[in-house]
Amino acid sequence: MKILVVIPAYNEEESIVEVVRNLNTVQPEVDYVIINDCSTDNTVKICKENGFNYIDLPVNLGIGGGVQAGYRYAVENGYDITIQMDGDGQHDPISINELVKPIIEKDVDLVIGSRFITNDGFQSSVMRRVGINFLKWLINICCDVKINDTTSGFRAASKKLTQHFSTEYAQDYPEPEAIIAAVLNGYRVCEVPVIMHERQGGESSIKAFKTIYYMAKVSLAILIYRIGSFKSTREKKL
Amino acid sequence: MNISLRIFLIICIVIYLGIIIHFLRKKELNLRYSLIWLFSAVVMLIVSIFPGIIIKISSLVGIIDTVNIVFVLEGMFVLLILLSLTAIVSHLNERNRQLIQAVALLEKRVRDLESKE
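Chains S and G are the protein sequences, given in the same order.
Counted from 1, the first sequence has number 62 at position 62 by the working numbering; the numbering is strictly sequential.
Position in the second sequence (first residue = 1) + 238 = the working numbering.
These aren't lab readings, by the way, just hints derived from the structure by calculation.
Where is the CB? At the ideal position from N, CA and C, for every residue including glycine.
Please note that a few of the clues may not be correct.
Below are the BS3-like pairs computed for lysine-lysine, each with C-alpha atoms no more than 25 angstroms apart in a straight line [claimed, not checked]:
id	chain 1	residue 1	chain 2	residue 2
1	G	Lys294	S	Lys45
2	S	Lys2	G	Lys346
3	G	Lys354	S	Lys45
4	S	Lys101	S	Lys160
Which residues of chain S face chain G? A few of them, derived with a C-beta cut under 7 angstroms, are [as the list claims (entries may be wrong)]:
id	residue
5	Lys2
6	Ile55
7	Leu57
8	Pro58
9	Leu61
10	Pro102
11	Ile104
12	Ala221
Build out the structure end to end from the sequences listed, making use of the hints.
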């Protein structure tokens, strides 16, 4: 079972070394690739000096395009499972075992690492949780699945879904949209509890004053996606 | 519409068509993207030569002064062209993204091969 961990990194010079070292000691059999999304700090230099495995995007694409480059890399190199993990040290590599398990044992395609199921480790701010709850409700009524931590960037995708994501992946704020895309294209999605820490460095891609913009955009994207695939889901059911 | 306005409109549209065709001949405009410009020019030209069409339409939708429907028509074309531009930009953006990813993946392969040697 070849497993790839995709680590999107934008200005993560403070945390990236720690994250990769930690990953290598906890999960020595797992491969990783860092996607440097045109960082303005020394992220590339650090990757080069430490001999890390990295892809250097020549133009900034944002998180969606960056992660998709990772999925393309996974397809090119024939990986069976692709895991997405943040470069800021929020996600504990120990939880990769739990993320991978449903794919191997139960033939699930997308596994979301959730910090809300058992309330272990770091919980996020009130504002963000309100937003996440709204998205949870929206995704629940749009495609009839229950995912608690819809914005979690700690997730694993099967080979089939990796192939799909490599050709089609949401761009600006891709996490909730990717769940919808997977469900509405007939992939099986589930959620497992994972441990999350407070970030070691860097900033969240979701900043406070952008929250409303973020929510509006994501909600709209979900609704459009839902309308767009009415026909295909109906055909599948028939 | 009085005759002097019609003549003015026809002259303007002929100049407009002339500019489009000039650009097309110099290959500064892609024919694919200029179809909507040509289409708008042709429609405006027909309307100016045969104003009977829009006089009927304006009485149907309740516009009293027929000149106004010329403006409405122009406004609609501007919106349509803007929308098509946004569609073109989105399409370019998508292709650009794919190219950037492909370049990055190739760069990584080259780097890996070079370090092996």
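Tested hints:
| no. | hint | result |
| --- | --- | --- |
| 1 | Lys294/G <-> Lys45/S | violated (70 angstroms) |
| 2 | Lys2/S <-> Lys346/G | holds (20 angstroms) |
| 3 | Lys354/G <-> Lys45/S | holds (20 angstroms) |
| 4 | Lys101/S <-> Lys160/S | holds (16 angstroms) |
| 5 | Lys2 | violated (17 angstroms) |
| 6 | Ile55 | holds (5 angstroms) |
| 7 | Leu57 | holds (5 angstroms) |
| 8 | Pro58 | holds (6 angstroms) |
| 9 | Leu61 | holds (6 angstroms) |
| 10 | Pro102 | violated (28 angstroms) |
| 11 | Ile104 | violated (27 angstroms) |
| 12 | Ala221 | violated (14 angstroms) |
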